[in-house]
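*Asks:* Throw the hints in and build the complete structure from the sequences for me.
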Amino acid sequence: MMPPPETGLSYVIFSRADWAALRATTPLTLTEDDLAALRGLNEPITLDEVAEIVLPLTRLLNLHITAVQQLVRVTDIFLGLPSRPAPFVIGVAGSVAAGKSTIARVLREVLSRWFEHRRVDLLTTDGFLHPNAVLAERGLMQRKGFPESYDLPRLVRFLADVKAGRTAQAPVYSHLTYDIVPGEVKAFANPDVLIVEGINVLQPAPNSAERGARTVVSDFFDFSIFIDADEPSLRQWYIQRFLALRDTAFRNPESYFHRFSQLSEPDATETAGRIWDEINRVNLKQNIESTRDRATVVLRKAPDHAVQEVWLRRPSAPTPAAG
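No gaps in the numbering here: position 20 of the sequence shown is 20 in this note's numbering, and each next residue is one more.
It cannot be assumed that every hint is accurate.
Label-pair restraints from in silico Cβ distances [said to hold, decoys possible]: (1) Ala249 <-> Arg84: 41 to 49 angstroms; (2) Asp179 <-> Thr25: 43 to 51 angstroms; (3) Asp230 <-> Thr66: 33 to 41 angstroms; (4) Arg73 <-> Val181: 36 to 44 angstroms.
The calculated EDC-like cross-link candidates involving lysine to aspartate or glutamate, where the alpha carbons are at most 20 angstroms apart (straight line), are [claimed, not checked]: (5) Lys163 <-> Asp151; (6) Lys144 <-> Glu278; (7) Lys285 <-> Asp230; (8) Lys144 <-> Asp192; (9) Lys163 <-> Asp76; (10) Lys186 <-> Asp161; (11) Lys144 <-> Glu289; (12) Lys186 <-> Glu109; (13) Lys186 <-> Asp230; (14) Lys163 <-> Asp219; (15) Lys144 <-> Asp277; (16) Lys163 <-> Asp192; (17) Lys163 <-> Asp222; (18) Lys285 <-> Glu231; (19) Lys285 <-> Glu148.
For the record, the hints were derived by calculation from the structure and aren't laboratory data. Built from N, CA and C at the ideal position, the CB exists for glycine as well.
*Replies:* Next up, the structure:
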């Protein structure tokens, strides 16, 4: 397991048992049926994991949300403005196959059951990928998911609108066609909490010279979470998910990946491993892994997908400016 940066300085590190104790009296409001509807393909999560990892996290988040709302009210009073709570924005980052989507969906469901903030929305940044036609024109189809494959100015404008209390529209992405759905958008109208999930959402500005002048996605976050695991585990989870998709979604003739549905298991395993090594691993090493150090909380997973450690950034520890 990779040690945390500046162990003992940047993060307080909790074992699973020690973190679970911080749940206090937070009730478990999800049922097994609820959880079944939230699990991603090959992203197992149990009610025990929700109780021991997610509930303490949502308790901490609720405290942060309350504190931020109080700060907004104080600032509005100082400025002589009518009080209007700004949406609390949570970033969820991590590698492909780390289980970000499942954690984000579970967080949304649990947070929405708190009395104080019932309106919780979830945005996946896939909708802000450039359309395939644009990526192909720019020679970026093999770098889909890398920072340059996203329409980052449009995503920044979306988040600025959300924070300002304006209704914002996000493009819709189809995992079936592996592309943006032309003309389709989803509206987000002043949620209490917005969860933003994506592999590169903690990416800093490209270099120190630009950092002071460029707004980045994470500038809008009030809290951030990084889902972490050793690279061999991530690779294996990706291959397992690819094999599961070969037997399910890829069989749809309209699927962009339909050609893979005819592969034998050994050929599919080899293909998935090659895609990981040539694309996803490169993105992980070049762009994603280093952003872990910018997160408020890091959830460290074992090879069985269970969270084994939680790292919580110390309030006095500055967030690194670059990866």
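*Asks:* Hint by hint, say whether it matches the structure.
*Replies:* Verification of the hints:
no., hint, result
1, Ala249 <-> Arg84: 41 to 49 angstroms, "42 angstroms, holds"
2, Asp179 <-> Thr25: 43 to 51 angstroms, "46 angstroms, holds"
3, Asp230 <-> Thr66: 33 to 41 angstroms, "35 angstroms, holds"
4, Arg73 <-> Val181: 36 to 44 angstroms, "39 angstroms, holds"
5, Lys163 <-> Asp151, "19 angstroms, holds"
6, Lys144 <-> Glu278, "12 angstroms, holds"
7, Lys285 <-> Asp230, "12 angstroms, holds"
8, Lys144 <-> Asp192, "31 angstroms, violated"
9, Lys163 <-> Asp76, "15 angstroms, holds"
10, Lys186 <-> Asp161, "14 angstroms, holds"
11, Lys144 <-> Glu289, "17 angstroms, holds"
12, Lys186 <-> Glu109, "19 angstroms, holds"
13, Lys186 <-> Asp230, "35 angstroms, violated"
14, Lys163 <-> Asp219, "11 angstroms, holds"
15, Lys144 <-> Asp277, "14 angstroms, holds"
16, Lys163 <-> Asp192, "10 angstroms, holds"
17, Lys163 <-> Asp222, "11 angstroms, holds"
18, Lys285 <-> Glu231, "9 angstroms, holds"
19, Lys285 <-> Glu148, "15 angstroms, holds"
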